[in-house]
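Engineer: Chain by chain, the residues:
2 protein chains.
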Amino acid sequence: MPISSARPRPAPDPLLAALQAIVGEAHAIPGDAAGDALVDQLRRYVGQARAVVRPATTAEVAEVVRLLVAEGVPIVPQGGNTGLMGGATPDAEGAAVVLSFARLNRIRAIDLDNDTITVEAGAILSVVQDAARDANRLFPLSLPSQGSCTIGGNLATNAGGTQVLRFGNTRALTLGIEVVTAEGEVWDGLRGLRKDNAGYDLRDLFIGAEGTLGIITAATLRLLPLPAAQVTAFLEVEGIESAIALLRRARKDFGASLTTFEIISDATYRLVAARVPERRLPFPPGAASDRWYVLIEIFDDESEEHARAALERILGDAIAAGEVADALIAASIAQSRTFWDLREHGLGEAQKRDGWNAKHDLSLPISRIADFIRETGDALRAAFPGVRILVHGHAGDGNLHYHIAKPEGAPESYWATHETGIRTLVHDATVARGGSICAEHGVGQLKVHALAHYKTPVELALMRRIKAALDPQGLFNPGKVLSS
Amino acid sequence: MPISSARPRPAPDPLLAALQAIVGEAHAIPGDAAGDALVDQLRRYVGQARAVVRPATTAEVAEVVRLLVAEGVPIVPQGGNTGLMGGATPDAEGAAVVLSFARLNRIRAIDLDNDTITVEAGAILSVVQDAARDANRLFPLSLPSQGSCTIGGNLATNAGGTQVLRFGNTRALTLGIEVVTAEGEVWDGLRGLRKDNAGYDLRDLFIGAEGTLGIITAATLRLLPLPAAQVTAFLEVEGIESAIALLRRARKDFGASLTTFEIISDATYRLVAARVPERRLPFPPGAASDRWYVLIEIFDDESEEHARAALERILGDAIAAGEVADALIAASIAQSRTFWDLREHGLGEAQKRDGWNAKHDLSLPISRIADFIRETGDALRAAFPGVRILVHGHAGDGNLHYHIAKPEGAPESYWATHETGIRTLVHDATVARGGSICAEHGVGQLKVHALAHYKTPVELALMRRIKAALDPQGLFNPGKVLSS
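Those protein sequences? They're chains A and B, same order as listed. As numbered in this note's numbering, residues 1 to 484 make up the first sequence, in order. As numbered in this note's numbering, residues 1 to 484 make up the second sequence, in order.
A hint or two may mislead.
When chains are identical, the list treats them as one kind, so a pair holds in a single copy or across two.
Stated by the list, open to error - Lysine to any residue pairs mimicking SDA-like chemistry, simulated, CA-CA at most 25 Å apart:
id, residue 1, residue 2
1, Lys252, Gly239
2, Lys252, Pro225
3, Lys352, Pro282
4, Lys252, Ala109
5, Lys252, Glu241
6, Lys352, Asp188
7, Lys252, Leu224
8, Lys352, Leu281
9, Lys252, Asp134
10, Lys352, Ile333
11, Lys359, Arg191
12, Lys352, Arg43
13, Lys455, Arg191
14, Lys455, Ala469
15, Lys252, Ala228
16, Lys359, Leu143
17, Lys252, Ala309
18, Lys359, Ala379
19, Lys467, Gly184
20, Lys252, Val127
21, Lys455, Val431
22, Lys252, Ala310
23, Lys455, Gly184
24, Lys455, Arg66
25, Lys455, Asp111
26, Lys252, Ala92
27, Lys455, Glu305
28, Lys455, Lys467
29, Lys252, Arg133
30, Lys467, Ala452
No lab work stands behind these hints: they were computed from the structure. Here the structure is a predicted model, which is why all the values come from computation and not from measurement.
Bound-form chain A, shown alone:
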């Protein structure tokens, strides 16, 4: 060999070559060329990987898993990489291989008489929604990240969103799944059945397990009829108790047509006015108050007129009962979109411009939302003077996004001294009311230790036994959900 002053080239990784032999040279790349696949969407976690591999078929996934398990290599599945908990990001050790679903993304079948669609895990949620709509059907899972998140990620985290009140979360929309096990075998559980009590419910065990028990490669999902009409209203109410009273009325009077019931706190609404002044708001923001805003949507099976008549009648009753201060029923699809755009993008944009805040994804029994809001707010303000409490959420599901911003003008170093105290107070208050600290975003890396703290030893032991039974070497997404 000629003498050279260049740094010696590292020997090629034989594992990479073995992966390339399975998926093709272009579809397995070394980890140091993996770029965004190593960083989570919020850029909170930056990992390392030995390689990123992109299989195109379930059989290739199984072969990749057999190879990696035989070599003792950890596997981190990754869909759209839109998660908020670091669940799809490898750790910093660099031993893991990222298994990307970018190429395993076909729509395999639509069965209109059975009202089901079978899709691969890498299919983008909005692509599945569109395929359903093209077939004159509704796939109701609806999330802000739907243009880039994948069905596999939705299944791994049992994603929720804005229509859970009516249609349930991802689990409720799933009839069957296909999974590659830690033995590299394929479990074909792609059943399109509404009743099936033949044996243990493996489906729901893999759903929501964040890739730590098995790797979901495809799913058979429920489709529903498209609604005849969809009407949105934006409301002002005084006090969280009024919002809850209105929810109770809406559940009773709209019945099955109630699809969305979202709340936004006054402080959050005023933050949008302050930080995103170019955005037109449905109502002018007032001075600091105990006001709440409610976004309500109904899907009507009959007609637009029927939907509007119901909204006008029921909101009229609510105004008469003093539950609603003011109401706007969207007169057009365009106006409905401005309401939704405020909810799905305006709140996030305002908080982004405001600076980092401590986000919590909580759920509570609906009967405990009001006292949680009042008492936890008082406790936070007493313990951490000047904090700003920004709340919005899917009140119909008991799900609050409860975000704490530092006091106006406080330096960034505020968080170094106060973040842990704030999180502990919020989580303690949630658990004390029978709530969950992981409502719809999952556990990922971020909440592994909090989960271990708040779960009972009995529940943790059950979870660890299941993990050991299905992934005895602990190679499937290690460090997520449970600490390794």
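Based on the hints, put chain B in the right spot on chain A.
Structural biologist: Below, chain B without anything else, positioned relative to chain A:
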């Protein structure tokens, strides 16, 4: 001791005394005094037990389990003992203790703002329905055995029934459960949350496991608003394809208000006329034909008039499209009850009087029901000339109760030579179409071997690993679901 000619009294079982020390003397009895607790409802299985124990609290259940597990004694949980698969009957060895839920039957709480009810496993289903109704709420699980089956049994078998189409099965109606594990520990998973992604879905793993993984002692169940109106119709259609076309139309046009869609075959209907002549039928039975009968029910959130107008409009369209030959909309609650009574009692009574038949509880993708009915019927008639095929079921859920009666006049010995062949043909035809051989009745003892035959080795291995992880000694309801 005086000399006596009496048979020596057997020494009292020390285990019985230990059980009595936990639950009180009256509530643990020797197995030979257990009577009906040792026999299943269809009197297909007659078991033996060492004792029957009736704890009154979850803590007593846990103490009983710790005692029995320490002694290596199998435990057979038993609720209302209404199961059809022998899942609550001990085996003939006599080593097991039957754990009865007769005393663990309180309603612990109703939370109206959260729309939940928390009940103990031994609560009778109809008691829970009534408690919900007294609180102006609906608990929609609805079964013929609701007057004697328990919530614990419903959970153990993930019971279905006649309103699954709209409200889902027991699993879909359950938010949280309390379980006694094989360590005799209590897992308090009684959460009233609609979104909770904190860790693995233990809830759905225990539900439907028929007491083989853990013992469910209580549950937090969903409540719904009572419908404003409930209207029933009974229809005649020509050919199974018309029934399926009608189902498609009903799902689309009724949307969320469609609650029940049941079908009854012509042969089944005519059997009622022949065997139960005292019963008045909605339509006079004709000669043997390709006719089907459909029972449809809608729950309307608005009003009786609105419900009737929708039924008349949509059934009118279906008649115009040739999907429906004749329709009766119940004019009163009394008439609605006669339709339901035919479905829930008439069909069973006719079959009971007709003699034993080979029952199957199948589910299929709805798109495969028609070809299953036609092709399986042809195959059965070719292979077993003269058999009578009696079908009814929850077509809206793809669930068929597919019962084969022996040819008219054939001796009872017919079954000895033909039962296995008939069952194999029916099960093969189901599985070939992506169906399940255990739709809503569970596996119990009856289908353990069929399940082992039709499940893939991958799925069976996953199930066995979970069983070993949660019940390492195999003492929880042995021989049910999986062979021991």
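Engineer: None of the hints should be skipped; say for each whether it holds.
Structural biologist: Okay, the hints, checked on the actual structure:
1. Lys252 with Gly239: Within. Shortest intra-copy distance 21 Å satisfies the 25 Å Cα cut-off; inter-copy 39 Å does not.
2. Lys252 with Pro225: both (22 Å within a copy, 5 Å between copies)
3. Lys352 with Pro282: Within. Shortest intra-copy distance 21 Å satisfies the 25 Å Cα cut-off; inter-copy 65 Å does not.
4. Lys252 with Ala109: between (37 Å within a copy, 20 Å between copies)
5. Lys252 with Glu241: within (17 Å within a copy, 37 Å between copies)
6. Lys352 with Asp188: neither (43 Å within a copy, 39 Å between copies)
7. Lys252 with Leu224: both (22 Å within a copy, 8 Å between copies)
8. Lys352 with Leu281: within (18 Å within a copy, 68 Å between copies)
9. Lys252 with Asp134: between (33 Å within a copy, 16 Å between copies)
10. Lys352 with Ile333: Neither: 27 Å inside a copy, 58 Å across copies.
11. Lys359 with Arg191: between (37 Å within a copy, 23 Å between copies)
12. Lys352 with Arg43: within (13 Å within a copy, 67 Å between copies)
13. Lys455 with Arg191: between (33 Å within a copy, 12 Å between copies)
14. Lys455 with Ala469: Close inside one copy (20 Å) and across copies (19 Å); limit 25 Å.
15. Lys252 with Ala228: both (21 Å within a copy, 9 Å between copies)
16. Lys359 with Leu143: Close inside one copy (17 Å), not across copies (45 Å); limit 25 Å.
17. Lys252 with Ala309: Answer is both: 16 Å inside a copy and 21 Å across each meet the 25 Å cutoff.
18. Lys359 with Ala379: within (17 Å within a copy, 62 Å between copies)
19. Lys467 with Gly184: both (16 Å within a copy, 21 Å between copies)
20. Lys252 with Val127: The answer is between: 23 Å across copies meets 25 Å, while 34 Å in one copy does not.
21. Lys455 with Val431: within (10 Å within a copy, 40 Å between copies)
22. Lys252 with Ala310: both (12 Å within a copy, 20 Å between copies)
23. Lys455 with Gly184: between (31 Å within a copy, 18 Å between copies)
24. Lys455 with Arg66: between (33 Å within a copy, 22 Å between copies)
25. Lys455 with Asp111: Cα proximity of Lys455 and Asp111: across copies only (23 Å, versus 41 Å in one copy).
26. Lys252 with Ala92: Close neither inside one copy (51 Å) nor across copies (51 Å); limit 25 Å.
27. Lys455 with Glu305: Classified as neither; 49 Å inside a copy, 50 Å across copies.
28. Lys455 with Lys467: both (16 Å within a copy, 22 Å between copies)
29. Lys252 with Arg133: between (29 Å within a copy, 14 Å between copies)
30. Lys467 with Ala452: both (15 Å within a copy, 24 Å between copies)
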